[in-house]
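Asker: What follows is each chain in one-letter form.
Protein chains: 2
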Amino acid sequence: MPHNHKLIYYINKWVSITSDEEAKIISAFELKSAAKKELMLEPGEVCEYIYFITKGAMRSYFVDDKGNEHIFQIRLENGWISDLESFFTQRKSNYYLEALEDVEVLRISSSRLEALYEEVPKLERYFRILFQKAYINSLERLNATMWDSAIERYNDLVKEQSDIFQRVPLVYIASYLGITPESLSRIRKKKS
Amino acid sequence: MPHNHKLIYYINKWVSITSDEEAKIISAFELKSAAKKELMLEPGEVCEYIYFITKGAMRSYFVDDKGNEHIFQIRLENGWISDLESFFTQRKSNYYLEALEDVEVLRISSSRLEALYEEVPKLERYFRILFQKAYINSLERLNATMWDSAIERYNDLVKEQSDIFQRVPLVYIASYLGITPESLSRIRKKKS
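Here the protein sequences line up with chains Y and V, keeping their order. The numbers in the first sequence follow the working numbering, run straight up by one, and end at 192. The numbers in the second sequence follow the working numbering, run straight up by one, and end at 192.
Just so you know, these hints were derived from the structure itself, not from any lab. Any given hint might turn out to be false.
For chains that are exact copies, the list does not tell them apart, and a pair is met inside one copy or across any two.
Said to hold, decoys possible - With a straight-line Cα cutoff of 20 Å, these simulated PhoX-like cross-link-like pairs (lysine-lysine) come out: (1) LYS13 x LYS24; (2) LYS92 x LYS133; (3) LYS32 x LYS6.
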């Protein structure tokens with residue numbers, strides 16, 4: 001299957017597009033190839049593109065203060081990869097995007113994608129469904145996990161919804177954090 | 001601010017809607033109130049609605065085999081709550097949705113929302129942006145956490161992308177799982 005057709009095939013799984021819309025989508029994406037180990041994004045750059053992988057595998061990772069690599073995502077063909085936060089905010093990325101194999105991708109820039117949403121509203125529907133599904137999946141993954149540190153989650157909660165402690169029973173907040181009410185009391189005492 | 005106006009205010013932060021579109025949105029949502037502790041969803045039911053909270057606080061939770069409650073989400077006013085998976089798939093939910101305080105919500109059903117997307121495409125844009133942001137946030141939360149069990153993540157990976165092991169260096173997969181290559185070897189030996 002030609003590269004463009006793969007992209008159209010996957011979009012068509014969720015929204016049904018006409019041949020006119022198909023032509024508009026195809027002309028908006030650019031085909032690029034990269035050799036194994038080639039970087040498509042480095043920290044400090046804005047992630048200009050979202051990539052649909054038609055061949056090969058890619059990863060995103062960041063390097064912490066101690067020089068350790070942490071892999072964020074690994075995607076194979078027919079998957080999307082980007083630093084979505086940088087892509088949508090146009091702020092500098094902290095990530096590397098690297099080809100793990102020789103890859104072929106279809107890429108589109110943020111501004112081109114915004115324009116394409118106007119031309120083909122069904123594409124915006126496709127991305128609404130894609131993000132919705134991805135969000136549900138990641139919620140489930142989060143729900144199935146424990147945080148490495150209850151303190152970190154506690155801090156997030158205080159920052160994001162500080163009046164929650166005045167309004168919601170502590171036993172509920174503890175359950176939400178995945179810790180016992182006693183642990184929550186200890187954290188709160190330490191912080192105050 | 002009247003309830004409807006709060007909803008419009010928050011939608012307008014992301015997409016700019018006309019007064020005609022505003023009227024269409026307002027007429028599609030129903031205002032409901034619920035007393036503290038009232039349930040809006042129970043396991044075995046399909047989650048028919050997505051709720052925009054205009055007053056009060058709500059939580060979603062499930063009860064495990066041992067009878068322990070696990071809170072999934074807590075949301076205050078101007079936030080959205082639902083069991084999104086059940087809402088979008090129309091499959092039975094595993095969750096409870098409960099009012100933590102006396103609440104007022106604006107609710108819309110799945111089919112009405114789909115119809116409203118056709119009438120007001122900008123609302124679909126709003127939800128595309130909402131899910132996109134929520135997905136990015138949850139990715140970051142996931143990235144900042146460790147799994148309670150590397151084995152569980154390993155099993156997920158095998159199920160979802162089994163040929164990843166033939167194509168991606170084990171040291172990368174270990175980093176993705178947040179474990180050492182040695183731990184990954186041990187898991188793989190145990191499983192084979």
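Asker: Does each hint fit the structure? Answer for all of them.
Answerer: Each hint tested on the structure:
{"no.": "1", "hint": "LYS13 x LYS24", "in the structure": "within (18 Å within a copy, 29 Å between copies)"}
{"no.": "2", "hint": "LYS92 x LYS133", "in the structure": "between (26 Å within a copy, 17 Å between copies)"}
{"no.": "3", "hint": "LYS32 x LYS6", "in the structure": "within (15 Å within a copy, 45 Å between copies)"}
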